[in-house]
Amino acid sequence: MTGYIARRLLMLLPVLLGVTLVVFGVMSLVPGDPALAILGPYATPERLAELRAELGLDQPWPLRYGHWLADLLAGDLGRSLSLEQPVADAVLGRLGPTLLLAGAALLLAVLLGLAAGLLAALRHNRATDRLVTLAVLLGISLPAFWLGLLLILLFAVWLGWLPASGMTTVWLDDQGWAVLPDLLRHLLLPALSLALVAAGVIGRIGRAAAIDVLAADHIRLCRARGIAGHRILLVHALKGVLARIMPVIGLQAGFLIGGAVYIETIFQWPGLGRMLVDAIAARDLLLVQGGVLVLAVAYVLVNLGADLLQHWLDRRTRAA
Amino acid sequence: MSGAGTTPDMGPGLSGRLRGAAGALLHHPGALTGLALIAVVLLPALLAPWLGLPDPAQTEPARRMLPVLSPGHPLGTDHLGRDLLSRLVWGARSSIAVGVLATLVAALAGGVLGLAAAWLGRLADTLLMRAVDVLMAFPYLLLALAIVAALGPGLANAMLAIAVANIPFFARAVRGAALDIRHQDYIAAARLSGHGEARILLAEVLPNLVPTVLVLMTTTLGWMILETAGLSFLGLGAQPPAADLGSMLGEGRAFLTVYPRVAVLPGLVILVLVVGINLLGDALRDLIDPRWSGARRRSRGGQPAAGSPAAPGADLPAGSDEGLLAVRGLHVAVPSAAGPMDAVRGLDFAIAAGERVALVGESGSGKTLTALALMRLLPAGLVLRGRLRLGGIELTALTEPALRDLRGRRLAYVPQEPLTALDPLFRVGFQLDEALRAHAPAQNPKSRGDALIAQVGLDGVPQLRRRYPHELSGGQRQRVAIAMALAHGPDLLIADEATTALDVTVQQEILDLLLRLCAEGRRALLFVSHVLALVARVCERVLVMYAGRIVEDGPVDAILTRPAHPYTAALLACSPELGRPDKPLPAIAGQAPAPGSSPPGCPFAPRCPRVQADCRAALPGLDRMEPAHRARCLHPVSRTPGERAR
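Top line first, the protein sequences correspond to chains A and B.
Just add 3 to wherever you are in the first sequence, counting from 1, and you've got my numbering.
Just add 41 to wherever you are in the second sequence, counting from 1, and you've got my numbering.
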C-alpha cells in the first residue's frame, strides 16, 4: 500500500505541471492585446503599459510561464481587477462553499446511484430494473440547470418548504454548529440538482458492475457456505461494485465541479463557480485563470483520492 | 472482453455491417423510441423556414407574456412579446446545429490525433497520450469555460470550446480502437502482400474505425447539446437577439416565479431531444459494438428457479431406508431460444452416510448442473424438477432461509476453479471467519480457524490469514476453499471438478486430502469429475452420466475393470494412466447429443461401436448387471450372454 501511494504521488507531479501549462496556455488564446482585453477600451496608455510589463508580454512565452509558475508557487496569482483584491485571496475564500456543495452532491450521487444500480441488478430484467433504467436514462439526459429551476419552482415557490437561493439566511446570527440546520436547508436543493445527473451515470455503471459481480462464482460460493443473503449483498457485492466504479466516481467529481458553475449561478451560492461566471462577464482574466486552476487542481486531487480508495478496496490494482 | 468485437476479421464488410445495423435498428424498441423523440424536435427544426411561424426575434411589447393558446401564439409569448413556439423551433434548430457541429469537430480532430498516436510509433504515442491525460485531468466543462473566457462569449466560440474540450476523449477512444485494428490478422496480411502504410490506413483501418467513431459520436452528441445549452444559459453562448434553447432558458429564468413556462419549455425540448439521442446511441452501441453489451448478454431471464417439488406421495416413502441423500426424477431445464430444454433428464440415485461416490461424464453431460441442483444453487432461469431428500428433509420444498441453514452446515461445496472460489477483495482470514460464523455465532472463530488451517495442511504458510487470495497458489486456494467447506463438519461434501484446474502433483495432494478428511469424519463425498482414472483413489462407487442420464452405476473396481456400458469403456480407454505414458488415448468419436434433442433410442447409439438395430428403437432402462452394478445398455460390454469381456 505504501509503495502504491508513493508511486501514485510521484505520478501526480507531471499531471499538476501539465495542468498549469494548460491554464497558462488557454489564457494566451485571448485574441489581440491581453492587456487591452483585461483593462477594457477606456484604460489609460500608462496603465496598459504597466500591465503589459506586469504580465511580461514583451518576453517569450517559456520565460513568461516560468515567472508565472514561480509566482504561483509563492502563492501569488495576480490581482483581480473586478474585485480589487489578490486573486489568491478571492479564490480561496470562495473555495469552501464550492467544496461543500460539490462534496454533498457527490455523496448524494454515490448513495443514489449505488442504491439504484444494486436494486436494478438484484431485480435484473424485471419491472424494477426497467424502472431504474428509465430513471437513469432521464438522469443522464437532464440539463442540470433546468432541473435546478424545476426544483426551485416546486419546493421553494409552490410548496415554500426550502429556500431558493443563498447559502445562509442573512438575518440569522447563529454561531458555530447552530448554523448547521439553516445551512443544510439551503444546501439540499442545489446539491440535489447537481447530484441527480451524476447519480444517473453512477447508477448506469453501477448496475452493469453489480450484474457482473452478483453473477461471479465467489458470490455463489458464499451462498454455498450458508452466509446470509443480506451480508453477501452488503459486504461482498457492495465492495466489489465499489471497487469497480471508483474511477467513475472520480470522473463524476469533475462533472460536479463543472456543473457547480450552473448550480451556483441559479441558487446564488457564494462559490467559485458563480465567481467564475461573474469574472468572465467582467473580463477579469486573471481571476478566471486562478479560479480554473484551483478547481482543476481540486479535481486532480479528488481523482488521486479515488485511485487510492480503489487500491485500498482491491489490492490487485496497480499504479498505471 | 477483447477488442476483436469491434473488428471481426471475417465478418461481413463495413457497408454490410452498417446496413445490418440499420436494419436491426428498425426492430430495436429503444432505437425506435429514440428516433421518434428525435423526430419530434428535429423535423420542425429542419422545416422551420417553411412552417410559416412568426419571426422569433420580432418583439411586440404590447403583446408580452400572452398565455398559452392565444390567437396566433399557440404557446403564448415571452417577456418581449416574441412568439414562444417559433422561438422554441428556431432555438432547437440552433442548438442541434451547434451540437452536431461540435461533435463533428471533436470527432475529426480527436480521430486524427488518436490515429496518429496509434500509427506513428512510440514517441508520438507517448507525447500525444500524455497531453491527452493532462487535458483529461481537467473537468472538461471548466476547460470549455476557460476557453470561452479567453475567446470571448458567442455561439461560435462556445461551440469551439465544447468541441476542443471533448477532443481528448475522442483521441483516446480512437487510439484504442486503432491499436486493436492494428493487431488484427488482416493488417498483417495486407503488409505481407506489400501494401504501403498509407494504403493500409485508408483501405483497411479507416473503414473499420467508422463504426466505433459513429457510436462515440452518437453517445456524446447528447452531452454536447447539453453543454452548449449550458454555456448559452450562462450567457456565454448565443447572444441576443439570436437564441438557442439554452439562452432562452437563461432569459426565462428571470420570470420563473411568474411565468414558469418561458423557462420550463426550452428545458423540456432539450430533455426530449437528449433522451432520444441517448436511446439511439445506446441502441447503436449494442448493435455495432458488442464490447459494450456484455452485461446484457450475460443476463439471464427470470427468477432463480424455486423448483416445483414433485407431487406429494410420489414414489418415495418417507422414513424408509434411503441413506443420506436420495435423488428421484431430477430434471434441470435450461432456457434456450426454442424454450426450456432438459439438460438433466430424470436422475435417480442415493448416497449412504459416509459413502464416497464419483459422478463422471464428459463436459455437457449435466454433472455440474446436478451438483448445483443438489445445493439448490442453480443459476437464475434454470428450472429444477424432481425430489431431493437429505437426511429425510425434502430440499425442493425448503425456503431460502431454511436452505441457507443447511448449506455449509450439512451440505458443503468445493468448486472447480480455485481462482474464483474466494472473494478477491477480502483477506483469507476474514473469509474463513465469515464461513465459521455463518452457522455458529462467534465461538472463538480464530482458534477454530487455525485448527481448520492445520487440517488442510496450510499451517506452514506464514501470515496466511492476512493474505489476499491472489497472493496464494492455486493449490493453496483450493485448500482454503476445502477448509471453509469443512468448517461445520458437513454430512455431504460435493466436490465439483475440485482438482481439474490444478497441476497434476497438486491434484494428487488435494485428492489425498479430500479422501483423508472424508474418511476421518465419516463424511459422504460426491466427487464430480470428467476423468474416470482419478476417482479410483477416492471413491467407492461410480455414477457415469451421459446426455443428462445415468448410464452406469457400480462399485469402483467393477466399473474400472469390467465396465458394462460401451460409453464407460470408451471413457476408460481415453483416460491416461500413471506409469503408462505410452498408452494411446483415442478420442471418443462423434459428439454428445445437443441438450433438448431426444431421438428415440439410446443417446449413445450414434457414437457406439457396438450399436445394433434395437438400440435405436427405445431408450434402454437402467438394468441390474450384478447386485450393486446397473447399466443402461441393451448390449453391455461384458455381461451379455455369448459375448466375452474385452
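Any given hint might turn out to be false.
To spell it out: a stretch of chain B is covered by chain A in this simulated footprint if at least three of its residues, at any positions, have a beta carbon under 8 Å from a beta carbon of chain A; those stretches are [to be verified]: (1) 129-135; (2) 515-527.
Every beta carbon over 12 Å from chain B, so not counted as near; a handful from chain A, in silico [to be verified]: (3) 5; (4) 88; (5) 179.
Hints were generated in silico from the structure; no laboratory data involved.
Yeah, the Cβ is synthetic: ideal placement off N, Cα and C, and Gly gets one too.
Worksheet item: Taking C-beta pairs only, is residue 5(A) more than 12 Å away from all of chain B?
Response: About 16 Å separates residue 5(A) from the closest Cβ of chain B, which puts it past 12 Å; holds.
Worksheet item: According to a criterion of three or more residues whose C-beta lies within less than 8 Å of a C-beta of chain A, is the region 129-135 of chain B covered?
Response: Coverage by chain A is violated here, the residue count being 0 at a Cβ distance below 8 Å.
Worksheet item: Is the Cβ of residue 179(A) more than 12 Å away from each Cβ in chain B?
Response: holds (33 Å)
Fill in: Three-residue Cβ test at 8 Å for the coverage of the region 515-527 of chain B by chain A
Answer holds; 3 residues pass the 8 Å Cβ test.
Worksheet item: Are all C-beta atoms of chain B more than 12 Å from that of residue 88(A)?
Response: Given that every Cβ of chain B is farther than 12 Å from that of residue 88(A), nearest at about 19 Å, it holds.
Checked against the numbered hints given earlier, this structure breaks only hint 1.
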